[in-house]
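Asks: The residues making up each chain are set out below.
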Amino acid sequence: MDGTPGATAAETVLRVKDLKKHFPVHRGVLSRVVGHVFAVDGVSFEIHRGETLCLVGESGCGKSTVAKTVMRLQEPTAGTVELNGNDITKLGQEELRAHRREMQIVFQDPYSSLNPRMSAGAIVGEPLTNYGLAHGADLQARIAKLFERVGLRADAMAKYPHEFSGGQRQRLGIARALAVNPRLIVADEPVSALDVSVQAQVLNLLIDLQEEFRLAYLFVSHDLAVVEHIGHRIAVMYLGRIVELADNADLFGEPLHPYTEALLAAAPLPEPGAKRERLILQGDVPSPMKPPPGCHFHTRCPYAEARCKVETPKLEEVKPAHWVACHLRPRGGPFGPLKARAA
Amino acid sequence: MTALATATAAPAAAPASSDTILSVRDLRTQFFTRDGVVRAVDGVSFDLKRGETLCIVGESGCGKSVTALSILRLIPRGAGRIVGGSIKFEGTELTTLPEDQMRKIRGNRISMIFQEPMTSLNPVLTVGAQIAESLHIHQGLDRRAAWDRAVEMLSIVRIADPKRRAGEYPHQLSGGMRQRVMIAIALACNPKVLIADEPTTALDVTIQAQILNLMLELKERLGTAIVLITHDLGVVAETAQRVIVMYAGRKAEEASVEELFRNPIHPYTRGLMGSIPRRTATGRRSNIRGRLQEISGIVPSLREEIPGCAFAPRCSYAVDRCRTEQPPLDPHGPYHLAACWEAARVAATPR
Ligand SMILES: Nc1ncnc2c1ncn2[C@@H]1O[C@H](COP(=O)(O)OP(=O)(O)OP(=O)(O)O)[C@@H](O)[C@H]1O
Ligand SMILES: Nc1ncnc2c1ncn2[C@@H]1O[C@H](COP(=O)(O)OP(=O)(O)OP(=O)(O)O)[C@@H](O)[C@H]1O
Ligand code: SF4
Ligand SMILES: [Mg+2]
Ligand SMILES: [Mg+2]
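Listed in order, the protein sequences are those of chains A and B.
Be aware that the first sequence starts at -13, since it is given in our numbering, and climbs by one per residue.
Be aware that the second sequence starts at 214, since it is given in our numbering, and climbs by one per residue.
Please note that a few of the clues may not be correct.
Rough simulated footprint, nothing fancy, chain B against chain A, three-plus residues with beta-carbon under 8 Å [claimed, not checked]:
| no. | segment |
| --- | --- |
| 1 | 121 to 132 |
| 2 | 207 to 220 |
| 3 | 245 to 253 |
In case anyone wonders, no lab produced these hints; they're calculated from the structure.
For every residue, glycine included, the Cβ atom is placed at its ideal position computed from N, Cα and C.
Could you build all of it, start to finish, from the sequences and the hints given here?
Replies: Structure representation (C-alpha cells):
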C-alpha cells in the first residue's frame, strides 16, 4: 500500500491526505491579512469500516478543524478527503449532497446544536425529510424506531429540546445522525459536556451501534481515558499535525513520541497513591499563528536536540502500524526510554 | 429528625478538635426563584483540618460551588441566602459576622480561586495591580512594597519574566497563566484556607498538571488547608487526603481518599466510580471497550422537597423507606461516613 498512516487491506471508508486548513488573520480598518493560523497543517489518516479512530490533543491543536474540513463544513486549504474512494474535496454542493448521507456529524454541545423550535421527532427525522427518504406514517415509524434504538421513549417525539437532559439531547443528536444509515460518524467531543454518569450511557450506546451497523467513527476528544476506552486506533495531534498514530494498546502501552508520553503522564489517574514517574511539561502551548520551526514540540520537549529546532520530523511508520514524527524515533528503533537533556 | 441526624453525625467521625480550622454544620443555602425555592445546599456538614486537602466531588448542579460561596458569604443578595446552619472559622461564626469583619477574612484568611478565571479577573487592571491591591488592603503594605511583593508572587507561581508580566492585562496572558495569576492573588496574603473551585477544569492536561503541582507545593510550603472542588476523580485521587461526595445538595459519603476508592459504600459513589473509563498506572486498562456502568435516570429537581434519600429514584438498592425517610450519615468503619439505609447490603455486594 501507499504511505498513508493506517493503510491496510480492510475496507477503507475515509482516507485523508495532507489535509491543510489555514485561517487568514485580519487586522486594522482595511482588514489586511497579517498572518495565518495554521490550524491543520498536513494531516493524513484512514478509517476503516467498523473502526474508531480517535483524535486527541490539547485545546487548539486543530481537532475540530480536521472534523469540520473532513465534513466539508469548512473548505480545506489543501489536501484531499476521500469518502468510499471518492475525492469529495472538489465536489460542488449538489454532488456533495449525495455523499453527505454517508457521513454524519455529532456535535459537542447538546444544548446549542439542536434547534429549540423543532420538536424532538422533527429534529431526528429532518435528514430523512431532506433526502426525501420517507414521509407520512413511514417517517413517523422510522423516527420512533430511531428513538428506541438510542434508548429514548418514542412518546418523547413531541417534546422540545429544552425538556430533555444533556444526555438525552446527545442521544437525539446521535439518533439524527443515524437516520440516513451513514457509514461514518464524525463525533466532535460528543461526551465532553456531560457528567460522567451520563457520559457512560452515551459511550455505551456508541459502542453498541458500531457493533450493530459496522459504523466507522472519527472520534474527537481531549480526554485520554475516554479515548483509551473507545478507540481502536489513536492519533495524537500537536499544533496542527499528527505526531503519533498507533493501535490503542501500542499507543497507551508504549508511547513513542515525547508529547504523547507527556500527555499520558499529565492525565491524573483515578487511583490514589499510584506513584508514577511524572514528566511535567513546562511552558505553554505556542501560538498556532507562529508555530516553532522544526519540530513544533521542541520548545517544550525535554529531549530536544539541535536538529529538532530546524528540521521538521516526518510522520514515519517506525514499527508495524505505529507512526511517529520524532527525530529520536527512527524507523526500526531503538524504542526504550529517552534521556532528558540538561536544560 | 433527620436534619439533626445529619448535623450530629459528622463530628462523630471527624471530631472538631483544635486541629480543625473550618467547621461547617448543617449548612442550608437556598435560592428564591419565580418557579420556587431551590435547595442548593440542603444540610451539609464537614470539618477541615489545618494543612489538609479536602476534595468535594459530585455531578454538575449538586451544590459544590454554592457550598464554597456560602463559606465566603458570596451568595448573591436578592437571589438567595444561607437559611440555616453554622460555619465556624477558627472558632468565629461566619454566618452572622458583620460584613465589614467578613471583608477582613475574605481574600485574606480564607481565599478562593473561582471556576472561571477570565470573569473573576478585572480586565482593565494589570495583573500586578490586582495582586498588589489585595496586599494593600489586607496587609497594609504601601504601594511600592505591595507591587514588589506582587512581582514576587508571580515568580512563586512560576510565571516567567514576572516584572514584565505584572504590567500586563489579563487578556494578554494564556489561560494557564491567568489561572496562575488567580492562585497568586489567592495566596498573596498567606491564607489559612484556600477554596479552589474547579481550578483546572478549563485547562489542558499538561497545564493542569503544572497548576495542581504548584498548588500542592505551595500548600506544603505555606501550610494552607485546601478545599478542592472538582468532578474529576483522577484529580481527587492525586491530590486529596479526604473526600466528600455530594448528591443533590446533600453529603452522600465522606472518607479518606484511599478508603473511598477502595471501598465506596454509597450506591451513588459506586455508580460514579463504575461509570468512569479507567486508565491505570501500569498502562493496562481494566476494561477495554467493555460496558461502562451507567447510572440510569436523572438528577432530581432541587425545586421540590426530597422527602427520602435524594438518590432513591435512580438507586437499584432502594427500598420503601428510602423514598420516605432521609438516611442519616452513619459511620462505616474508622473514618467513613455514608448516608444510605441499605449500606450494609451494598457493602456486602461485590462491585
Ligand atoms: N474560523 C476560524 N478562524 C480563525 N482561526 C480559527 C478558526 N477556527 C479555528 N481557529 C483556530 O485554529 C486552531 C485550531 O482550532 P480547533 O477548534 O480545531 O482546535 P481543537 O483542537 O478542536 O481545540 P478544542 O479542544 O479547544 O476544541 C485554534 O488556534 C483556533 O483558534
Ligand atoms: N443564582 C442562582 N439562582 C438560582 N439557582 C441557583 C443559583 N446559583 C446556583 N443555583 C442552583 O443551585 C444548585 C447548585 O449549584 P452549584 O453551582 O453549587 O452546582 P455545582 O455543584 O457547583 O455544579 P457544577 O459542577 O456544574 O459547577 C444548582 O441547581 C443551581 O441551578
Ligand atoms: S523531534 Fe525532537 S523536539 Fe520533537 S518530540 Fe522528538 S525529540 Fe522532542
Ligand atoms: Mg474542538
Ligand atoms: Mg460549580
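Asks: Give a verdict on every hint.
Replies: Hints, one by one, checked against the model:
1. 121 to 132: violated (count 0)
2. 207 to 220: Contact hint for the segment 207 to 220 of chain A vs chain B: holds, 7 residues under 8 Å.
3. 245 to 253: holds (count 6)
Checked against the numbered hints given earlier, this structure breaks only hint 1.
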